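Letter by letter, the chains look like this.
Number of protein chains: 2
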Amino acid sequence: MTTHEMLLTAKAACPVLACADSESKNRALLAMADALITGQAEILAANRQDLEAAKGHISPVMLDRLALSEARIANMAEGIRQVAKLPDPVGQVLRRVERPNGIVIEKTAAAMGVVAIIYESRPNVTSDAAALALKSGNVCVLRGGKEAFSSANAIVTALKRGLAAAGMPETLVNLVQDTSRNSANELMEAVGLVDLLIPRGGAGLIRAVTENAKVPCIQTGTGICHIYVDASADLHKALDIIENAKASRPSVCNAEEVLLVHRDIAPEFLPRLRRRLQDDREAQGKPPVRLLADSEAHAILGTELAGPGDFDREFLDYILAVKLVSGVEEAIVHIALHSTGHSEAILTEDSEAAQRFCRLVDSAAVYVNASTRFTDGGEFGLGCEMGISTQKLHARGPMGLEELCTYKYIIHGDGQIR
Amino acid sequence: MTTHEMLLTAKAACPVLACADSESKNRALLAMADALITGQAEILAANRQDLEAAKGHISPVMLDRLALSEARIANMAEGIRQVAKLPDPVGQVLRRVERPNGIVIEKTAAAMGVVAIIYESRPNVTSDAAALALKSGNVCVLRGGKEAFSSANAIVTALKRGLAAAGMPETLVNLVQDTSRNSANELMEAVGLVDLLIPRGGAGLIRAVTENAKVPCIQTGTGICHIYVDASADLHKALDIIENAKASRPSVCNAEEVLLVHRDIAPEFLPRLRRRLQDDREAQGKPPVRLLADSEAHAILGTELAGPGDFDREFLDYILAVKLVSGVEEAIVHIALHSTGHSEAILTEDSEAAQRFCRLVDSAAVYVNASTRFTDGGEFGLGCEMGISTQKLHARGPMGLEELCTYKYIIHGDGQIR
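If you read the protein sequences in the order shown, they are chains A and B. Going by our numbering, the residue at position 136 of the first sequence is 136; the numbering climbs one at a time, nothing skipped. Going by our numbering, the residue at position 129 of the second sequence is 129; the numbering climbs one at a time, nothing skipped.
Simulated from the structure, these hints should not be mistaken for laboratory data. What you are looking at is a predicted structure, and each value in this text was computed from that prediction instead of being measured. Check before you lean on any hint, since a few could be wrong.
Where chains are identical, the list cannot tell them apart; a pair therefore holds if satisfied intra-copy or between any two copies.
Unchecked claim - Heads up, simulated DSBU-like pairs for lysine-lysine below, C-alpha to C-alpha not over 35 Å straight-line:
(1) Lys-237 x Lys-214
(2) Lys-286 x Lys-55
(3) Lys-107 x Lys-237
(4) Lys-286 x Lys-146
(5) Lys-107 x Lys-11
(6) Lys-11 x Lys-214
(7) Lys-214 x Lys-107
(8) Lys-85 x Lys-146
(9) Lys-107 x Lys-85
(10) Lys-286 x Lys-237
(11) Lys-146 x Lys-214
(12) Lys-11 x Lys-286
(13) Lys-85 x Lys-11
(14) Lys-146 x Lys-55
Based on the sequences and whatever the hints tell you, model everything.
This is how it looks when you write it as structure tokens:
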């Protein structure tokens with residue numbers, strides 16, 4: 001089936017989901033979870049094919065992301081079951097007004113229609129995205145990475161078996177068969193067929209979507225996250241937060257990439273920082289964090305000098321760019337010029353500085369005295385996540401089921417005219 | 001000043017508005033309203049220039065839209081004062097959670113930043129848009145039509161005087177000086193400088209924006225609105241609603257353009273419809289409504305035959321396309337294929353048919369037994385309106401102050417790490 005045919009099929013399936021009640025959707029989700037377990041032999045076999053083909057072409061980290069096991073499939077099934085337990089957003093009345101003329105206006109959450117997701121090699125995204133789309137009443141068109149195609153295809157085959165077992169059309173979950181750039185472009189340009197496109201991937205994919213997409217999109221993921229240590233910060237807490245934000249999982253988008261330090265405390269703080277992130281970690285057998293410093297910070301730290309571009313780079317590694325600033329105002333300006341709008345934190349005991357930072361930093365999540373690593377659907381209490389939006393239109397930050405919905409106004413009258 | 005320089009200036013002004021409290025914004029709005037009144041001689045003189053230049057080039061209806069008077073300027077000032085009275089959306093906490101680890105997450109409404117508005121010749125849009133943007137914390141960049149440039153420029157000059165009088169920077173309200181297509185394209189492509197673009201205009205402008213825009217947009221306005229008369233409809237109410245929806249103000253986007261009638265009641269209903277929309281109106285000295293009928297309806301009505309394309313046309317005139325259908329399902333399918341997603345109504349006494357219509361019609365406003373003319377910010381109780389969104393992302397239907405805002409998560413902790 002061509003991508004265009006798949007989109008037509010998906011669009012045609014929308015009314016079925018729009019009319020499905022929560023119970024039928026949850027029944028379908030549980031059947032999809034069961035089908036992953038009963039189909040795990042096929043899924044693992046397909047995954048071995050992907051792994052064989054990828055060996056030597058992609059890094060060990062990427063190979064690990066790609067690899068499935070019985071335990072990982074069980075986790076995927078459990079993830080789907082969790083989605084079944086979440087409240088159904090569709091049909092919720094967000095606001096209700098009765099007007100003086102007697103018409104009753106209900107602003108009601110509604111499915112988007114066809115949601116397309118372009119993602120890379122993690123196979124679990126396939127089942128997560130399918131479950132979240134279904135629960136939010138959306139027909140999904142998934143377009144995964146080339147390296148994971150066999151795995152994704154086996155997973156979608158199992159999910160479709162689950163849908164059929166629950167009496168739902170298999171066309172509610174779809175995997176694009178063409179993994180060339182063509183199919184991604186086709187999704188970006190399918191005006192009228194794709195109601196929402198969510199690109200999940202690196203800066204290159206996001207840029208391509210910004211440049212080329214004609215359908216509504218939500219950009220996700222790229223995170224050049226900043227932490228600013230104010231002169232009034234509790235330096236003990238600051239060390240804990242910075243180590244956590246940088247080094248607990250450096251490959252994720254909510255990890256810290258840039259540290260801004262108030263000039264007045266730098267002589268005391270920076271040597272402690274170097275000990276914490278380098279000496280202490282080495283002593284504990286953990287990977288040390290490379291510190292790329294601007295010239296001022298370098299004069300104190302004596303580590304590496306930051307190159308041009310190091311304050312605009314998502315390292316996704318044990319690397320931190322460090323710069324001194326004169327205070328909260330300069331920190332805010334630096335962030336405005338270099339941030340991707342994901343997550344930023346101020347560490348301070350000065351409530352005025354905190355308030356100014358929160359008001360003026362234009363990012364999805366702005367923290368006072370906590371790690372940027374909390375920017376996550378689960379940590380925010382949404383129960384799930386379809387990605388983290390770094391745009392301002394529609395959804396910002398972690399996207400749960402509500403963010404996958406639009407709304408419409410439903411108005412009841414008994415003959416009113418204007 | 002070039003458009004690019006204006007955008008840089010606008011972006012630089014954003015922090016001032018982001019930090020302004022409601023009181024200062026309201027004071028600025030009242031000063032802007034006063035400045036329109038004290039500046040009315042200059043505004044009227046500029047408007048006469050526009051009218052002179054436009055005479056002979058645009059229709060009398062358009063000339064009337066363009067014309068200002070003391071009374072119209074007083075209305076514009078009153079509109080700004082009304083906006084000052086509305087609640088301030090910025091900073092409102094939309095959701096608050098305290099997580100088990102003690103961090104407090106507040107989902108907080110925030111300004112978009114720079115909002116650009118491309119519109120046509122009605123001068124009052126200039127002051128309305130400026131007031132709504134300011135109240136919602138957004139710096140506006142207005143790009144009006146060529147025909148109204150002198151009027152818009154005089155209005156913006158007055159508004160800037162009001163801003164200055166209230167101690168606010170004049171750069172919070174900006175009018176693009178270039179009215180060629182170039183400036184519109186520049187706004188569409190100003191990634192990073194325009195946070196939201198709202199095109200307000202005809203189908204051509206909306207299409208250009210869909211095709212070319214790289215910045216976040218909200219499409220507004222085009223309305224091919226349908227009314228479906230079910231077999232169970234109260235035909236007396238139906239005649240009132242249809243006449244109101246079609247003929248009370250045919251030039252607006254919430255006016256009805258297409259009438260779908262259940263085949264079973266057509267022999268009784270259509271002759272009554274013709275009498276109401278043609279004979280009765282002529283007898284009352286009102287413009288009759290031309291009825292363009294599909295072949296089946298034509299066999300009963302005996303008026304004009306609809307041509308190809310008449311069911312995909314926004315007439316904005318005393319013209320109604322009429323088609324027979326076999327029931328609510330066929331009505332829903334016709335609407336899915338031909339609607340612009342603005343407003344549709346079902347007239348029925350059958351609650352199941354009504355429910356099915358409301359669930360499956362994928363438009364901003366779906367009515368049961370009321371006129372589509374109610375789709376309007378004022379009628380919906382929003383107090384104001386920046387246009388009517390026909391898209392699903394972010395805002396749908398009438399856009400008030402809340403819809404001009406994004407949100408961000410503000411998280412307070414005392415050292416939490418993940």
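Within, between, both or neither: Lys-286, Lys-146 at alpha-carbon 35 Å: Within one copy only: 33 Å inside a chain, 65 Å across chains, cut-off 35 Å.
If the cutoff is 35 Å on CA atoms, where do Lys-286 and Lys-237 land: within, between, both or neither? Let me know, please. within (20 Å within a copy, 76 Å between copies)
Could you figure out if Lys-146 and Lys-214 sit no more than 35 Å apart (CA to CA) within one copy, between two copies, both or neither? This pair counts as both: shortest intra-copy Cα distance 24 Å, inter-copy 27 Å.
Given a CA cutoff of 35 Å, do Lys-107 and Lys-237 count as a within-copy pair, a between-copy pair, both, or neither? between (44 Å within a copy, 25 Å between copies)
As a check of your reading, is Lys-85 near Lys-11 (CA-CA no more than 35 Å) within one copy, between copies, both or neither? Within one copy, since 26 Å is at most 35 Å while 44 Å is not.
If the cutoff is 35 Å on CA atoms, where do Lys-107 and Lys-85 land: within, between, both or neither? Let me know, please. For Lys-107 and Lys-85, both the intra-copy (24 Å) and inter-copy (23 Å) Cα distances are at most 35 Å.
Classify it for me, Lys-11 with Lys-286: is the Cα-Cα distance of at most 35 Å met within a copy, between copies, both or neither? neither (50 Å within a copy, 43 Å between copies)
As a check of your reading, is Lys-214 near Lys-107 (CA-CA no more than 35 Å) within one copy, between copies, both or neither? Cα proximity of Lys-214 and Lys-107: in one copy and across copies (27 Å, 29 Å).
First find the shortest C-alpha distance between Lys-237 and Lys-214 inside one copy, then the shortest across copies, and answer within, between, both or neither for a cut-off of 35 Å. neither (46 Å within a copy, 42 Å between copies)
Using 35 Å as the alpha-carbon threshold, which applies to Lys-85 and Lys-146: within, between, both, or neither? Answer is within: at 32 Å inside a copy they meet the 35 Å cutoff, but 56 Å across does not.
At most 35 Å between C-alpha atoms: does Lys-107 with Lys-11 qualify within a copy, between copies, both, or neither? The answer is both: 24 Å in one copy and 33 Å across copies each meet 35 Å.
For the identical chains here, do Lys-146 and Lys-55 meet the 35 Å Cα criterion within one copy, between copies, both, or neither? within (13 Å within a copy, 61 Å between copies)
The structure fails to meet hints 1, 12 from the earlier list, while all remaining hints are met.
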